[in-house]
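Participant: For reference, the chains in residue letters:
Number of protein chains: 2
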Amino acid sequence: MKGIILFGHGSRTSEYITPFERIRDAMAAQQPDAVVELGFLELSRPGFDESIECLAKRGVTEISVVPIFIGPGRHVLKDLPQLAANAMDRFPGLEISLAAPVGEAQEVIDAMAKFALST
Amino acid sequence: MKGIILFGHGSRTSEYITPFERIRDAMAAQQPDAVVELGFLELSRPGFDESIECLAKRGVTEISVVPIFIGPGRHVLKDLPQLAANAMDRFPGLEISLAAPVGEAQEVIDAMAKFALST
Numbered sequence: 001m002k003g004i005i006l007f008g009h010g011s012r013t014s015e016y017i018t019p020f021e022r023i024r025d026a027m028a029a030q031q032p033d034a035v036v037e038l039g040f041l042e043l044s045r046p047g048f049d050e051s052i053e054c055l056a057k058r059g060v061t062e063i064s065v066v067p068i069f070i071g072p073g074r075h076v077l078k079d080l081p082q083l084a085a086n087a088m089d090r091f092p093g094l095e096i097s098l099a100a101p102v103g104e105a106q107e108v109i110d111a112m113a114k115f116a117l118s119t
Numbered sequence: 120m121k122g123i124i125l126f127g128h129g130s131r132t133s134e135y136i137t138p139f140e141r142i143r144d145a146m147a148a149q150q151p152d153a154v155v156e157l158g159f160l161e162l163s164r165p166g167f168d169e170s171i172e173c174l175a176k177r178g179v180t181e182i183s184v185v186p187i188f189i190g191p192g193r194h195v196l197k198d199l200p201q202l203a204a205n206a207m208d209r210f211p212g213l214e215i216s217l218a219a220p221v222g223e224a225q226e227v228i229d230a231m232a233k234f235a236l237s238t
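As you go down the protein sequences, you meet chains Z and P in turn.
Just so we're aligned, residue 1 is where the first sequence starts under the numbering used here, counting upward by one.
Just so we're aligned, residue 120 is where the second sequence starts under the numbering used here, counting upward by one.
In case anyone wonders, no lab produced these hints; they're calculated from the structure.
Glycine residues also receive a C-beta, built at the ideal position from the N, C-alpha and C atoms.
Please note that the accuracy of each hint is not assured.
No more than 27 Å apart at the CA atoms, straight line, and that leaves these computed lysine-lysine pairs for DSSO-like [said to hold, decoys possible]:
hint, chain 1, residue 1, chain 2, residue 2
1, P, K233, Z, K2
2, Z, K2, Z, K78
3, Z, K114, P, K121
4, P, K197, P, K121
5, P, K233, Z, K78
6, P, K121, P, K176
7, P, K176, Z, K114
8, Z, K114, P, K197
9, P, K233, Z, K57
10, Z, K114, P, K233
11, Z, K2, Z, K57
Covered by chain Z, per the in silico footprint, the following chain P stretches (three or more residues, Cβ under 8 Å) [stated by the list, open to error]:
hint, region
12, 123-137
13, 149-159
14, 187-194
15, 209-223
Taking the hints into account, I'd like the entire structure generated from these sequences.
Facilitator: Here it is in structure tokens:
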């Protein structure tokens with residue numbers, strides 16, 4: 001079974017996670033059987049490791065981690081690969097792949113451009 | 120004249136700003152006469168203050184700042200309003216409005232969901 005983790009930075013601000021929940025809801029609307037968890041680097045819950053464990057317990061063997069980041073900064077290029085490598089050490093049967101940051105997808109770029117022009 | 124600043128966090132990673140440049144290019148494609156600058160909080164150039172000054176020198180009197188952030192964390196809720204207030208002090212003729220973070224726009228949410236499902 002395949003799962004998807006929406007990987008975010010995290011924040012002390014509680015409303016910060018709302019867009020992540022909305023992405024998860026939109027995914028459920030587009031594909032109701034998708035197995036999706038949020039997973040944050042720091043400050044917000046659930047943490048990345050918690051989500052990995054949750055998915056592994058549900059029988060997921062393959063996880064795509066999608067960085068919900070605009071660009072490839074240090075968190076995407078260094079922190080995330082470390083977290084993923086450590087998780088694969090802890091769960092030897094688990095295969096984790098890292099997608100491009102969502103801000104690099106052309107459809108996301110176009111939607112952000114459209115929004116910015118509407119302000 | 121109206122201008123738009125795409126406000127980002129900034130990063131030590133040089134490729135970090137590519138998505139911002141792509142958003143600016145997509146805006147130019149959608150609306151060729153739009154006056155758009157990038158402006159970063161830290162680490163990347165141009166900084167927010169530099170972009171304000173650049174737009175003011177070009178005769179822009181009204182600026183919409185669009186946070187290219189997924190969610191409303193501290194940088195959007197605290198740092199950006201401070202930067203904007205300081206800029207309006209420095210340029211008394213300038214009107215600056217702050218848009219919602221781009222990650223809150225429904226079309227952006229839907230595009231991110233579609234991308235995540237495609238990974």
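Participant: Tell me, in ascending order, the numbers of any earlier hints that this structure violates.
Facilitator: none
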